[in-house]
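Peer 1: Chains as they are written, first to last, in our numbering: chain A, 1 to 250; chain B, 1 to 232; chain C, 1 to 655.
Don't take every hint at face value.
As the list claims (entries may be wrong) - To spell it out: a stretch of chain B is covered by chain A in this simulated footprint if at least three of its residues, at any positions, have a beta carbon under 8 Å from a beta carbon of chain A; those stretches are:
no.	segment
1	9–16
2	90–103
3	109–123
4	185–195
In short, the hints are calculated from the structure, not lab data. Think of the CB as a built atom: it goes at the ideal place given N, C-alpha and C, for glycine as much as any other residue.
Single-letter residue listing:
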Amino acid sequence: MNLTLKVWRQGGPNHKGKIETYPAEDIPEEASFLEMLDIVNERIITDGGEPIAFDHDCREGICGACSLTINGVPHGRESAITTCQLHMRKFRDGDTIWVEPFRARAFPVLRDLVVDRSAFDRIIEAGGYISARTGSAVDANATPVPKADADEAFEAAACIGCGACVAACKNASAMLFVSAKVKHLGNFPQGQPEAKRRVLAMVRQMDEEGFGNCTNQYECEAVCPKEITAEFIADLNRGYAKASLEETLG
Amino acid sequence: MPSAASSIVSFYRSSIGKKLVVAITGLGLVAFLFGHMAGNLKVYAGPDKINSYAAWLHSMPALLWAARLGLLACFFGHIVTTVLLVKQNRAARGEVGYAYNATVQASRASRTMIWSGIIILCFVIYHLMHYTMCIGNEYESASYIDAAGRHDVYKMLVDGFSWFPASAFYIVSMALLCWHLSHGFASCFQTLGLRGERSWPLIKAAGYGVAAVIFIGNCSIPISIMAGWVSY
Amino acid sequence: MSERVSDTPDARIPEGPIESKWSRHKRESKLINPTNRRKYEVIVVGSGLAGGSAAATLSELGYRVKCFCYQDSPRRAHSIAAQGGTNAAKNYQNDGDSVYRLFYDTVKGGDFRSREANVYRLAEVSANIIDQCVAQGVPFAREYGGLLDNRSFGGAQVKRTFYARGQTGQQLLLGAYQALQKEIAAGGVEMFPRTEMLDLVVVDGHAKGIVVRDMVSGEISSHAADCVILATGGYGNAFFLSTNAKGCNVMAAYRAHKRGAYFANPCYTQIHPTCIPVSGDYQSKLTLMSESLRNDGRIWVPKNKGDVGKPAAQIPEGDRDYYLERKYPSFGNLAPRDIASRSAKEACDDGRGVGPGGLGVYLDFADAIGRLGKDTISARYGNLFQMYEKITGEDPYTQPMRIYPAVHYTMGGLWVDYNLMSNVPGLHVLGEANFSDHGANRLGASALMQGLADGYFVIPATLPNYLADQKPGSVAADAPEFKAAEDEARERVAKLLGVGGTRSVDSFHRELGLLVWDKCGMARNDAGLKEALEKIPEIRESFWKEVRVPGSGEQLNQELEKAGRVADFIDFAELLCRDALHREESCGGHFREEYQFTEDDPEVSSGYTNEGEAKRRDDDYAYVAAWEHGAGGEPVLHKEWLEFEDVKLATRSYK
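For reference, chain A alone in the conformation it holds in the complex (with noise of 0.2 Å):
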């Protein structure tokens, strides 16, 4: 198949950058997303130009590094998945594909397409974490948890911190992300004792990192390749707002 892209060209991260136009011809439909780009990167080298660079690794959908905004949407329409496990076979002979970086003003653009995240690591740093040191750990059975509690805990661990949350959200909010982290560790016994720490410190780090904040549009759920729930950003205000008022109580 043959198609022509818009991509986001941009030398660095303090260089101004456009969309440039590039043709994809003779695209396999069987071929990822990435392949795609693999293939047209291929002609721009050997043709002489620098390829265009964009963050990619494990390419079955489960490290979070590769992040495109395909036609306005973090990950492409297809839902459920990431940019990896996007197929070609989803598109149509002709068309026209933009390809934008992730957008955020906490997420600045280092090259092309490649966008620095790292203010999600600086959020887990803040509390997303139960603390248990090495070698201090009861029997794993000694704790029995629910199996409801324990499955629900798996959807939200299930995030892969790609930020394809935020770069869908209209206000770039990272509460989904947020949300699922303190779910996750909350609904086990062993996230409690830090449980009220953990929601205050998390929510205080997504402000300083000037992520928006929600305004229950949903689209972070529905571009969320682990299809993580917006009901976990609900279970945040609601442990956000008791933490708060016990901090001020208390």
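Go by the hints and put chains B and C onto chain A.
Peer 2: Okay, now just chains B and C, sitting in the frame of chain A:
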């Protein structure tokens, strides 16, 4: 341990804190909308009922003012906080936007809350000037005292809505208000964390229901007046 | 075996019965008191299960840690992609499991080419891993009673695998990552993401630092420390197409090798039986389907070559060859990976492969869906089925999956002693990057176990054995050795950028990969390996003449990153083939066509094993082949003979 005061400040400074303020004040305003509409609907019971209801309200000035101040607090709390949030959100998007914009599931109402809100604000100012402060009309004059010596709210309503532009603006504003509510009502519950997997469809349906009831209830009055079904 | 003299450095295997070696070793190991620990600086390269858990745990203990990874976040290390699970000798199922049995299964699964003492320790600490991970909030699968669930895995007859749906690696890695982030916040770990190690710095024979390149700014700099830990994963991408992440590379390990570290058993590469087959030459990587699918899926090919083009549904039951069930009745579809892979290759070589190019076999869930219902199958494998459907456009609920083996894991790695220290003092190697625990073949759900065992439990206990003898901070990054290594790294970058050819880096990588897969893949032979060893230098020569690396070194330059890695893969591939050529036996992941059972062997006529199975030659090859980078680049072989005291050397049989 931070002091209570600093906790409150940091709560309001946080994005979620502000969201909670918007949600709580929003629900307060919805409650007012219902009360206001219930009072207005007494117009169908005739002049005596609605005028005596208004007189009854005014017979308790302390309570009335307390309610008015509460309402005012909700109103300004809602608006000021929202404006702060919108500012934060615009900044968070960054300087360079998408060249190709797309929306997957965000409703149009949810994306235009600030605009529907601003128009509603304009309407509220007009509405207060029109009926509460009676600016540019004679609703406070002697001709609007009924036989029992009460303020003739009934006559005021009929006269007010008999002027087509006023009714039209009212109906358009109500439409926008309900547009606002169709997203806002359920949104309050989301923000307050009061939703479950099973309750969520009900809450969303309730949001549309509330919007519809308020629209139909309120708009029925100018329509009835203009149609001549309510007159004196 | 007295005539067998190992000429590797001492493996430092503790004395005494195997059950007490580890506790004895810990008892006799050196300690560093808590106030002194913060004087020591430790470099950890890699932030996957092994590196992440090591960095976090060492920081908890009080060491100052610098951790480096090439990914933009430590959370993206390739451990994340492991699907199936992690083994532990908990015996929660009461089905007769024990530390010994896990140890035995691992040694047997590894085709008797691993070091007993290391494997026993691995089995021993496996139980602690589960405790640790649950304490961190890893959402393992649970039963309705709230207790942990287990599943069975290839090569084992007990249920000892702990899992979190098909995302066990992800969940374990997030546990380690979160522990790491906690330590970063606490100031114990300084994290360097998007940073690639270009060289190891050896000062007075000791590993004292590394040279790195900041992948965003391009800046090349040095970091000195009291010791260096490499946890940089495997070298599967030498084959270009593998299930490894695109960024996985051998650079750190190979650079260390060039600086003196022995590379052990590079020819032991694992070919995973259940991957999605290749569909075209644009393909950039292969996708693994969890081995857990073999619990319920039945593997088959048509009995008749004439049927391969027909839709699966049109091939009657009687015309299907469920070859694993036929050849290995007691393990059936759960036969170990090397056996399952090779059987698939045999079927395809026999002209009975299905799908494009005849390179595929069916993995069929029709029976399981009929027996358990679609809902149960969906609950078990829903996400895997979905992934398969996304990639192939075929629905595995209605037609059998097509699978084919792909390079997945590499058992070989840098040689380490019982302390996980290489022959270069101070250089420690963890996880897939070392060679130590899996012998010639790794059992399913053992990679995660090893990475975490090394990082959480082994290295924290063994590192003081080295550090205690070192004066903290004795070497600084301004030592001449650093300057020299930095200069070399800069020269290499300049050289890569300056070739000025016309071919892309990927085109060389593909060429190399195809060659290595063809000649040193699932089956190897003398002639093929010699041919590969002739061709690899040709590829190297044209690489350094014709490659085009655009852009500059002072920017984010992905082609430059790839070029450095591919240059090392080319050199490394030679060592890989050299090792495969020298090992004139078949064992585990190393199958030499010349060494297989035939009908003349008594093991076959007695029915103990089948024709075509791997034939080991224990008398001549029961050693670890540790290669030294000799003068002029010529590899020098060192042998560490393996002693089997607690497991009887036997021909593997999974019948």
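Peer 1: So, for every hint listed, does it hold in this structure?
Peer 2: Cross-check of the supplied hints:
| no. | hint | in the structure |
| --- | --- | --- |
| 1 | 9–16 | holds (count 6) |
| 2 | 90–103 | holds (count 13) |
| 3 | 109–123 | holds (count 3) |
| 4 | 185–195 | holds (count 9) |
The structure is consistent with each of the numbered hints, conforming to all of them.
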